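Number of protein chains: 2
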Amino acid sequence: MTVEFISVGTEILLGNIVNTNAAYLSEQCAALGLSCFHQSVVGDNEERLDEAVRKALSRSDILILSGGLGPTKDDLTKEVVAKVFGKELYEDGRTKERIQDYFRRVHSDQVTPNNWKQAMVPEGAKVVDNHNGTAPGLILEENGKTVILLPGPPNEIKPMFERDIAPYLNELQPEGIYSKMVKICSIGESKAETMVADLMDEQTNPTIAPYAKTGEVHFRVTAKASDEEVAEQLFAPLLEELSRRFGDKIYTTREEVTLEAAIVSLLEEKKMTMTTAESCTGGLLAGRITNVPGASNVYKEGYITYSNDAKERLLGVKRETLVQYGAVSPQTAKEMARGAAKAAGADAALSVTGIAGPGGGTPEKPVGLVYVGCYVKGHVRVEEFHFTGNRDKNREFAVARALTLLREELLGTK
Amino acid sequence: MTVEFISVGTEILLGNIVNTNAAYLSEQCAALGLSCFHQSVVGDNEERLDEAVRKALSRSDILILSGGLGPTKDDLTKEVVAKVFGKELYEDGRTKERIQDYFRRVHSDQVTPNNWKQAMVPEGAKVVDNHNGTAPGLILEENGKTVILLPGPPNEIKPMFERDIAPYLNELQPEGIYSKMVKICSIGESKAETMVADLMDEQTNPTIAPYAKTGEVHFRVTAKASDEEVAEQLFAPLLEELSRRFGDKIYTTREEVTLEAAIVSLLEEKKMTMTTAESCTGGLLAGRITNVPGASNVYKEGYITYSNDAKERLLGVKRETLVQYGAVSPQTAKEMARGAAKAAGADAALSVTGIAGPGGGTPEKPVGLVYVGCYVKGHVRVEEFHFTGNRDKNREFAVARALTLLREELLGTK
Chain A
68 MTVEFISVGT EILLGNIVNT NAAYLSEQCA ALGLSCFHQS VVGDNEERLD
118 EAVRKALSRS DILILSGGLG PTKDDLTKEV VAKVFGKELY EDGRTKERIQ
168 DYFRRVHSDQ VTPNNWKQAM VPEGAKVVDN HNGTAPGLIL EENGKTVILL
218 PGPPNEIKPM FERDIAPYLN ELQPEGIYSK MVKICSIGES KAETMVADLM
268 DEQTNPTIAP YAKTGEVHFR VTAKASDEEV AEQLFAPLLE ELSRRFGDKI
318 YTTREEVTLE AAIVSLLEEK KMTMTTAESC TGGLLAGRIT NVPGASNVYK
368 EGYITYSNDA KERLLGVKRE TLVQYGAVSP QTAKEMARGA AKAAGADAAL
418 SVTGIAGPGG GTPEKPVGLV YVGCYVKGHV RVEEFHFTGN RDKNREFAVA
468 RALTLLREEL LGTK
Chain C
68 MTVEFISVGT EILLGNIVNT NAAYLSEQCA ALGLSCFHQS VVGDNEERLD
118 EAVRKALSRS DILILSGGLG PTKDDLTKEV VAKVFGKELY EDGRTKERIQ
168 DYFRRVHSDQ VTPNNWKQAM VPEGAKVVDN HNGTAPGLIL EENGKTVILL
218 PGPPNEIKPM FERDIAPYLN ELQPEGIYSK MVKICSIGES KAETMVADLM
268 DEQTNPTIAP YAKTGEVHFR VTAKASDEEV AEQLFAPLLE ELSRRFGDKI
318 YTTREEVTLE AAIVSLLEEK KMTMTTAESC TGGLLAGRIT NVPGASNVYK
368 EGYITYSNDA KERLLGVKRE TLVQYGAVSP QTAKEMARGA AKAAGADAAL
418 SVTGIAGPGG GTPEKPVGLV YVGCYVKGHV RVEEFHFTGN RDKNREFAVA
468 RALTLLREEL LGTK
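Chains as they are written, first to last, in this note's numbering: chain A, 68 to 481; chain C, 68 to 481.
Simulated from the structure, these hints should not be mistaken for laboratory data.
One or more of the hints may lead you astray.
Since the list gives no way to pick out one identical chain from another, each pair is judged satisfied if it fits inside one copy or across any two copies.
[Stated by the list, open to error] 16 Å max Cα-Cα, derived EDC-like pairs, lysine to aspartate or glutamate:
| no. | residue 1 | residue 2 |
| --- | --- | --- |
| 1 | K280 | E78 |
| 2 | K154 | D128 |
| 3 | K409 | E238 |
| 4 | K140 | D268 |
Note that the coordinates shown come from a computational prediction; the quantities given were computed from them, not determined experimentally.
Looking at chain A on its own, in the form it has when it is part of the complex (with noise of 0.2 Å):
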């Protein structure tokens, strides 16, 4: 089956918010097993939403609108979607009561009296109750075609997404998608791209992606199946051929986890804890990695070293190394991260030391260059990177690498 949406909203057109309703409902109708090829935007006009409207459903089985459905004079949707289906509006009272006392509860208020026409509904519409705001969703079912209505605002359109208009749907499209996301670091995205390339023409069920991701490559695999059981028997050949080509370097196959957390985890299992010594990146490398809940367990101390004076006395990092081999070297990376180990008393240390930009670049050590330290139980690796991006750009791959480098370093292998 088909689906198609309209995000309904002059704001859309005019850049003033992105559009995350319709990157939301694609996400989920594709993940039910429903096929998109149609999606459009169209401001608070009730001429081009019709024709939008008819289009649509010349076109498509299902179509979802979001947003239009509030008490202003430019809330459309329900009005030009009745009429295009020749129905009368009329008041539902349950609706109605709902809204006064939502006004009650949310506003301590009185309902103004434009907000009533929100309860207004399509003669035949399924009312879908609004448990975030007050504008009811709406389904109506006529010639075959499904037409759902939606709240504009995420925090309202989600719960009630999940809620009913997925279980709707799914009644609607039993058979769904399933998909994993195969996380990968320590190699570059155009070889792991070339390691897979077989594999992205040949397979069609499951099928396999690539995605963007700082410093990682991440491939999805998706299966169309029945049920989820029916979902892990297709997985399993195709998951296993990619640990075959990638081995260790695969860190989790669960989009939910992390690269910290993967660490975090590898960190307990081992009974270590770590620490933290940065200057370039200034926090948001163990910003990441305190992003883990219980990360406490395994981190208890860092340290921000953003001047040379704070690398001495912090993590007693030498001044002759300094003043021979400067802030931004393998030598003084390789000393903040034995000096934090030891200031902290933990088993494992990343130090990060660089030049992140736009300014501080010299043509012997330019803006870009970083290196990362990285000591685990005695050993110090240093590594040595070149980036090529803004000042957040840079920092944020040098976390990335950081990461990648600890991961490594633990599980004892390059």
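Model the placement of chain C on the given structure of chain A, informed by the hints.
Frame of chain A, contents of chain C only:
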């Protein structure tokens, strides 16, 4: 003049990525004074793309397509547009050289054969160099219509648009839209919006509209004018009025200035240094401050004191305080701030201690409870917060509140 956008890419239809290009292009084009009534997404399908292009050209003056310019067989945009215009494709020697050069510089590699199709150009098209990737942009002018083809990746499309496309469009449509972003802190969103409700209703040129930002309130003030000078004249009375109403809660009217940049400027002005001591925010606060190029003038070192032991050893927080009041308490936040300032020899310090969640909460100290301490030249102020988001949101809010607190203290106002 009307502009229409078509985003090309099956990954958008599948909801695998959020269509940020559409929002970016809409916003840029609105600022250039172009009207947009249609936006759509089409997959990597020749027939549907052909139909969409023809439809767009039938109703809009300018068509901008993003995506589908890459080296794979799924990349069709250029081929389809050339066909619609009846143009042949020829190999552009200069573009071919640029692609070769890019591969040498960035990938230290030979160009794989499939990349050569990116050097194919429709007859009569203007080639727009890509300084961040391989596929050039293209501009075709035919029968009073303009078609612009841009690469999909956001980090390629944005620089190209700013450098070459915006000036080109500005020639087509000279009257533009100018805007300022009035950024306000130290006041809640509801209160701020109430304070400008009359302006939002009455103002037509310039207009004022609210924008979401964690822990801050932003108002975009937009003027339609023939040039920047006229725009500034239109802005002046409204900006004065906002200044009268919000005083120094406004930290900038420039879109690119962040709260942390405003704070670093304040510190530089006052010739002061600062430090940070973070527990639950784990480096994110320092990360924001070090976002600012030149932060090293005012920020020399910082501490991530995740464990009680780290709070004692690095910051001198008294054991009795930790035992009696706990790590998450105003007393500990105070000692952390004082201790950090002393340890770093800094004039100002921010401390954050709290329970980000999802675990760690108790009835007395629930998830979301955060204390922020702010030390400025001998005086410490502590604020208590009760955040109600998830782990990420709570940490984000804590960082935003901490920065706001420091700004208030530096300005000497509450």
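At most 16 Å between CA atoms: does that hold for K409 and E238 within a copy, between copies, both, or neither? Result: close neither inside a copy nor across copies, 58 Å intra and 62 Å inter.
Have a look at K140 and D268 and pick one of within, between, both or neither, based on CA distance no larger than 16 Å. Between. Shortest inter-copy distance 11 Å satisfies the 16 Å Cα cut-off; intra-copy 51 Å does not.
If the cut is 16 Å between Cα atoms, do K154 and D128 qualify within a copy, between copies, both or neither? neither (19 Å within a copy, 36 Å between copies)
16 Å Cα threshold - placement of E78 relative to K280: For K280 and E78, only the inter-copy Cα distance (15 Å) is at most 16 Å; the intra-copy one is 28 Å.
When each numbered hint is compared with the structure, violations occur for hints 2, 3.
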